[in-house]
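*Asks:* All chains should be built: construct the whole structure from the sequences, respecting the hints.
So the protein sequences, as listed, match chains A and B. Mapping of the first sequence onto the working numbering: position 205 corresponds to residue 205, and the numbering continues sequentially without gaps. Mapping of the second sequence onto the working numbering: position 128 corresponds to residue 128, and the numbering continues sequentially without gaps.
Accuracy of the hints is not assured; some may be wrong.
Any copy, or any two copies together, can satisfy a pair, since identical chains are not distinguished.
[Unchecked claim] In silico lysine to aspartate or glutamate, EDC-like type, Cα no more than 20 Å apart, as pairs:
1. 26 x 47
2. 175 x 126
3. 20 x 10
4. 20 x 136
5. 94 x 126
6. 114 x 143
7. 114 x 282
8. 15 x 3
9. 20 x 211
10. 94 x 237
11. 15 x 126
12. 15 x 5
13. 175 x 136
14. 94 x 19
15. 15 x 144
16. 175 x 163
17. 26 x 136
18. 114 x 126
Calculated from the structure, these hints are not laboratory results.
There are 2 protein chains.
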Amino acid sequence: MADFEETLYDAVAQKFRIDKLYFENKTDHQHLMIFHNAALGRVMTLDGIVQTTEADEFVYHEMMAHVPLVAHGAPQHVLIIGGGDGGMLREVAKHAVESITQVEIDAAVVEMAKTYLPNHSAGAYDDPRLQLVIDDGFAFVRDDTRHYDVIIVDSTDPIGPGEVLFSEDFYAHAKTRLAPGGVVVTQNGVPFFQPDEVTTTHRRLARHFADATFYCAPVPTYYGGFMTFGWATDATELRGLAPAIIRDRVERAELNTRYYNADMHGAAFALPQYVRAAMQGE
Amino acid sequence: MADFEETLYDAVAQKFRIDKLYFENKTDHQHLMIFHNAALGRVMTLDGIVQTTEADEFVYHEMMAHVPLVAHGAPQHVLIIGGGDGGMLREVAKHAVESITQVEIDAAVVEMAKTYLPNHSAGAYDDPRLQLVIDDGFAFVRDDTRHYDVIIVDSTDPIGPGEVLFSEDFYAHAKTRLAPGGVVVTQNGVPFFQPDEVTTTHRRLARHFADATFYCAPVPTYYGGFMTFGWATDATELRGLAPAIIRDRVERAELNTRYYNADMHGAAFALPQYVRAAMQGE
Chain A
1 MADFEETLYD AVAQKFRIDK LYFENKTDHQ HLMIFHNAAL GRVMTLDGIV QTTEADEFVY
61 HEMMAHVPLV AHGAPQHVLI IGGGDGGMLR EVAKHAVESI TQVEIDAAVV EMAKTYLPNH
121 SAGAYDDPRL QLVIDDGFAF VRDDTRHYDV IIVDSTDPIG PGEVLFSEDF YAHAKTRLAP
181 GGVVVTQNGV PFFQPDEVTT THRRLARHFA DATFYCAPVP TYYGGFMTFG WATDATELRG
241 LAPAIIRDRV ERAELNTRYY NADMHGAAFA LPQYVRAAMQ GE
Chain B
1 MADFEETLYD AVAQKFRIDK LYFENKTDHQ HLMIFHNAAL GRVMTLDGIV QTTEADEFVY
61 HEMMAHVPLV AHGAPQHVLI IGGGDGGMLR EVAKHAVESI TQVEIDAAVV EMAKTYLPNH
121 SAGAYDDPRL QLVIDDGFAF VRDDTRHYDV IIVDSTDPIG PGEVLFSEDF YAHAKTRLAP
181 GGVVVTQNGV PFFQPDEVTT THRRLARHFA DATFYCAPVP TYYGGFMTFG WATDATELRG
241 LAPAIIRDRV ERAELNTRYY NADMHGAAFA LPQYVRAAMQ GE
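*Replies:* Spelled out as C-alpha cells, the structure:
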C-alpha cells in the first residue's frame, strides 16, 4: 500500500501509511483524499496537506470552539466559516446557543465528511439550530447583515481558496458582523515553521480590534509543535477572566472533552518568547 | 541525497532531507548520525530516533532546565543525567549555581556533539563548575553520596540504554540524592503516541514523592504534539508558586530564552483531559 507524504514544507515532511484508501478525487476546488491509518484513524487531506485525522481532531476542534464560547459567557449566535468536516459544528453544538450558521465553500467536503468521517460531525449536521450555507466565506461576511457572538474561522492554510480568509479586508468585514462583546477566532498555522503568519495576522487584527492576540494548542498532525489561533475582540476583558469564573462555566456546560478544560483555557494564552517576538515582527 | 525517516512508530513517521551528512557511526552503545537539514539545522539521531535538532532544541532544553531551577528558587547543586549533546548543560549554566554534575553513559555522544553541534553546549563543557562523569546514570545515582537541589533526567526514550532511567528503582535512588526542597524532572515522551509512559511513570513516581505530576511543552521534532516532563518532589509548594514570584525570579535571572518565560512556566503545568486520564491509568 502507498504512503501519504505531506507536501507543506520542502525539507521536512510527515508520512502516513495508507492502510485503506476510501476516497480520492479532484473536486471543483481542491484535491481531496480520505484514507485510514492504523495510528491516526481516518485522515482527510486537501491538496497534499493534512486537514484532519480522527485521532487528534479533538485538540483542534475543542480548543477553537470552547475557548471563545466559554470566554464569551452567553453566546447565542455563532458563525463558523469553513469547517466542512463537521468537527467544529459538533463542538459548538455542545453549547446552549440559539443559532449556528456554517459557511463552507466546498459542498463536496461536507458530503465526503458525512460519509467517511461520521465521527467528526457525530450527527450535528442534523441539528435544528444549524443553517448550512455553501458559499464563499469572504463574500458571506461581506454581504451578511446579521450579528454573531462568536465567529470561528476554521479555514485551510493561507494557500489556495483559504487565502482570502487571512486578509485584512476579511477581518474588517468579520468585525462588522460581531455583536457587542463578540469575539473572532482564526486558524493561524504553526509558528515554528510559519512565523510570518503570526506577524502578518497580528498586524492586520490589531488595526481593527482592541484586543488582538493568539492562543495555542499542539495538534499532533499539524506538524511542528503547537499551532496558534488568532483571538480578536473589542471586549478586552474576555481574555483574562479569573480562573474561578472559567472553572464554573466549564463545569456547568458539561462539555465532555478530551483536551479542553478550565486549566487549558487559561494556559493557552501564554505565549513563548519566539511567538511574542514574531507578533512584533522581530 | 538520501532522506532520514524516523523509525519510532509503525504507521506514521517524520522524514527529513539529509542535505549534508556529517557523521554516521555505530558507537559501543548506539547508532549515531549527525546531518544538516535546511529547515532544522543540524540534526542528531540515535538508533533511528531524532534526539535533537538545532532549530528546536531550545524548547526542550529551556523548559526542562528553567522550570525546576526557577521553581526551586536557590539551587546550588544540579545533577544532569544524560544530556550528552550539551544543550541542557548550556541552559543550567545560565543559573548562578555552585556545581553542575553531568553523568553521560556515552563519551562518543559528548565528543560528537562538541564537534558537530557546538551551538548546543555553546562552550559550557568548559564551565569550571562542571564535573563531567562518563558512567551509567542508574549506577551513579545508586552509588553516589552527594545531594542535589535539582536532578534533570535528560534521557533517550525508554528503549535500549535509556530504559533503566524510567524504572521505579531509579526514581527511588534519585530521591535519596535530593537535598531537602529538591526536585527531579524527567523526559517522559509524547503522550499522544505514548500514553502508557504517563500512566507508568506517574504510578512509579507517586510511590516515592509527595508531589508527582507532569508539565508539558511541544517540541516540534518530538513528533506528536507536546511532550510531558515528569515532576517529582516532596516540596509540594514548588509547583503552584504565585505568578508574581515566578515573574520576579525570571526577571532577575536574565535567562535570555526563546521559549521559556514566566507565563509559560505556570501554563506548562496545565494538563489536557486525556493526560489526566492517562495519569489515572484510564
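*Asks:* Confirm or reject each hint.
*Replies:* Now the hints, each set against the structure:
Taking the closest pair of Cα atoms, residue 26 and residue 47 come within 20 Å of each other only inside a single copy of the chain (9 Å); across copies the shortest separation is 40 Å, beyond that limit. For a Cα distance limit of 20 Å, the shortest separation of residue 175 from residue 126 qualifies neither inside one copy, at 29 Å, nor across copies, at 56 Å. Within a single copy, residue 20 and residue 10 get their C-alpha atoms only as close as 26 Å, which misses the 20 Å cut-off; across copies the closest is 15 Å, which meets it. For a Cα distance limit of 20 Å, the shortest separation of residue 20 from residue 136 qualifies neither inside one copy, at 32 Å, nor across copies, at 45 Å.
For the identical chains of this complex, residue 94 and residue 126 are intra-copy neighbours only, at 13 Å inside a copy versus 57 Å across copies, given an alpha-carbon limit of 20 Å. For a Cα distance limit of 20 Å, the shortest separation of residue 114 from residue 143 qualifies neither inside one copy, at 28 Å, nor across copies, at 61 Å. Taking CA atoms no more than 20 Å apart as the test, residue 114 paired with residue 282 passes in neither setting, with 43 Å inside one copy and 30 Å between copies. In this homomeric assembly, residue 15 and residue 3 come within 20 Å of each other (Cα to Cα) both inside a single copy, at 7 Å, and across copies, at 12 Å.
Neither within a single protomer nor between protomers do residue 20 and residue 211 lie at most 20 Å apart by alpha-carbon distance, with minima of 45 Å and 45 Å respectively. Proximity of residue 94 to residue 237 under the C-alpha cut-off of 20 Å is found in neither arrangement, the shortest distances being 24 Å within a copy and 37 Å between copies. In this assembly of identical chains, residue 15 and residue 126 lie within 20 Å of each other by CA distance neither inside one copy nor across copies; the values are 35 Å within and 41 Å between. Taking the shortest alpha-carbon separations for residue 15 and residue 5, both the intra-copy value of 4 Å and the inter-copy value of 9 Å come in at or below 20 Å.
Within a single copy, residue 175 and residue 136 get their C-alpha atoms as close as 17 Å, which meets the 20 Å cut-off; across copies the closest is 60 Å, which misses it. When the C-alpha separation of residue 94 and residue 19 is checked against a cutoff of 20 Å, the pair qualifies neither within a copy, at 32 Å, nor between copies, at 48 Å. Neither within a single protomer nor between protomers do residue 15 and residue 144 lie at most 20 Å apart by alpha-carbon distance, with minima of 41 Å and 45 Å respectively. For the identical chains of this complex, residue 175 and residue 163 are intra-copy neighbours only, at 18 Å inside a copy versus 54 Å across copies, given an alpha-carbon limit of 20 Å.
Taking the closest pair of Cα atoms, residue 26 and residue 136 come within 20 Å of each other only inside a single copy of the chain (19 Å); across copies the shortest separation is 56 Å, beyond that limit. When the C-alpha separation of residue 114 and residue 126 is checked against a cutoff of 20 Å, the pair qualifies only within one copy, where the shortest distance is 11 Å, while the shortest distance between copies is 61 Å.
The earlier numbered hints that this structure contradicts are 2, 4, 6, 7, 9, 10, 11, 14 and 15.
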